[in-house]
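> Sequence:
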Amino acid sequence: MPELPEVETIARGVNARVRGDRVVDAWFSGAREPFKTPPARQAKGLQGRVFLSVHRAGKHIVCEMGPATNGRAGEQARAEAEWIVHLGMTGRLLVTTAEAPREKHTHARLTLKSGRELRFVDPRRFGRLEFRELERGPAFDAPGAEPLEIGADEFAALFRRRRLSIKAALLNQKLLAGVGNIYADESLFHAALRPRRAAGRLTRAELERLRTALKKVLHHAIRLGGSSVSDYVDADGERGFFQLQHFVYQRTGEPCRRCGTPIRRILIAGRGTHYCPACQR
Numbered sequence: 272m273p274e275l276p277e278v279e280t281i282a283r284g285v286n287a288r289v290r291g292d293r294v295v296d297a298w299f300s301g302a303r304e305p306f307k308t309p310p311a312r313q314a315k316g317l318q319g320r321v322f323l324s325v326h327r328a329g330k331h332i333v334c335e336m337g338p339a340t341n342g343r344a345g346e347q348a349r350a351e352a353e354w355i356v357h358l359g360m361t362g363r364l365l366v367t368t369a370e371a372p373r374e375k376h377t378h379a380r381l382t383l384k385s386g387r388e389l390r391f392v393d394p395r396r397f398g399r400l401e402f403r404e405l406e407r408g409p410a411f412d413a414p415g416a417e418p419l420e421i422g423a424d425e426f427a428a429l430f431r432r433r434r435l436s437i438k439a440a441l442l443n444q445k446l447l448a449g450v451g452n453i454y455a456d457e458s459l460f461h462a463a464l465r466p467r468r469a470a471g472r473l474t475r476a477e478l479e480r481l482r483t484a485l486k487k488v489l490h491h492a493i494r495l496g497g498s499s500v501s502d503y504v505d506a507d508g509e510r511g512f513f514q515l516q517h518f519v520y521q522r523t524g525e526p527c528r529r530c531g532t533p534i535r536r537i538l539i540a541g542r543g544t545h546y547c548p549a550c551q552r
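First residue of the sequence shown? That's 272 in this note's numbering, and the numbers climb one at a time after it.
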């Protein structure tokens with residue numbers, strides 16, 4: 272599943288390419304799974320609207336949509352609706368030309384005034400598409416704290432008195448929004464912490480080490496376009512490069528890049544977890 276760096280990379284790419292463009296036609300497939308909002312309602316709501324901005328919220332891509340009319344001259348457009356994309360396990364959000372061949376598992380195709388198309392492709396159909404009119408309800412917000420912005424006190428408070436392992440706590444989207452298996456493993460390695468350690472027993476110094484490592488790993492992964500370990504590609508269909516710099520994730524049995532000890536794999540909360548038994552304590 273795409274995690275924070277992959278979703279951030281896609282959101283930035285889509286924003287750079289469609290901001291200010293207008294939806295002139297919206298097509299959705301007949302599959303039921305990808306739609307939190309009925310496709311007919313999405314198509315009607317998106318028709319004629321302008322992309323004001325595209326940003327990430329947790330593991331979701333949020334498209335802020337302006338009014339279908341141009342409004343008064345010089346008037347600053349404000350968001351009246353949101354189109355929300357969750358990529359699921361294999362979802363992709365691609366900006367392409369109208370002439371580009373349509374992939375088999377395309378479930379949404381927004382034709383833009385510029386002549387380009389914004390397409391949602393999802394072979395396994397675990398992704399979700401939602402449309403919200405802001406006058407009828409609140410804007411979308413991720414349930415957990417933002418890992419790239421969280422401060423030391425707030426971060427430490429998230430794990431206070433929690434009995435679950437620190438790896439499981441990092442994966443809890445109600446605590447931290449956007450962190451998944453890859454970046455939990457990599458951040459724990461750089462913080463020199465064993466994934467099975469109880470979150471509530473970590474010292475303040477250890478938690479600050481983890482917060483610093485997490486932010487550093489996430490920012491570095493974003494700079495490299497994310498990790499392409501499965502189906503992930505960015506808004507242009509290009510693969511990321513951070514997988515080439517993984518220290519532990521999916522390196523079971525390989526020598527640690529720091530000490531040479533073979534990397535181990537265990538299960539925590541049903542997820543494959545990778546760590547170095549020598550570097551992490």
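Rather than coming from a laboratory, the hints here were simulated on the basis of the structure.
Every residue gets a Cβ at the ideal spot worked out from N, C-alpha and C, and that includes glycine.
Among the hints, erroneous ones may be present.
[Claimed, not checked] Capping the alpha-carbon separation at 25 Å, the derived lysine to aspartate or glutamate pairs in DMTMM-like fashion look like this:
#  : residue 1 : residue 2
1  : LYS384    : ASP296
2  : LYS315    : GLU404
3  : LYS375    : GLU509
4  : LYS307    : GLU370
5  : LYS486    : GLU401
6  : LYS375    : GLU401
7  : LYS487    : GLU401
8  : LYS487    : ASP412
9  : LYS307    : GLU404
10 : LYS487    : GLU477
11 : LYS486    : GLU417
12 : LYS384    : ASP424
13 : LYS487    : ASP424
14 : LYS375    : GLU351
15 : LYS307    : GLU417
16 : LYS445    : GLU425
17 : LYS315    : ASP292
18 : LYS486    : GLU370
19 : LYS445    : GLU420
20 : LYS487    : GLU420
21 : LYS487    : GLU509
22 : LYS445    : GLU417
23 : LYS375    : ASP296
24 : LYS486    : GLU404
25 : LYS487    : GLU525
26 : LYS487    : GLU417
27 : LYS315    : GLU304
[What the hints assert, rightly or not] Simulated DEER-style distance windows between Cβ atoms:
#  : residue 1 : residue 2 : range
28 : ASP412    : ALA348    : 15 to 23 Å
29 : ALA469    : ALA423    : 31 to 39 Å
30 : ASP296    : ARG542    : 17 to 25 Å
31 : ASP296    : PHE512    : 30 to 38 Å
32 : ARG407    : ARG290    : 23 to 31 Å
> Sort out which numbered hints this structure fails and list those numbers smallest first.
Numbers 4, 5, 7, 12, 14, 18, 24, 29 and 30 - these are the hints that the structure violates, sorted from lowest upward.
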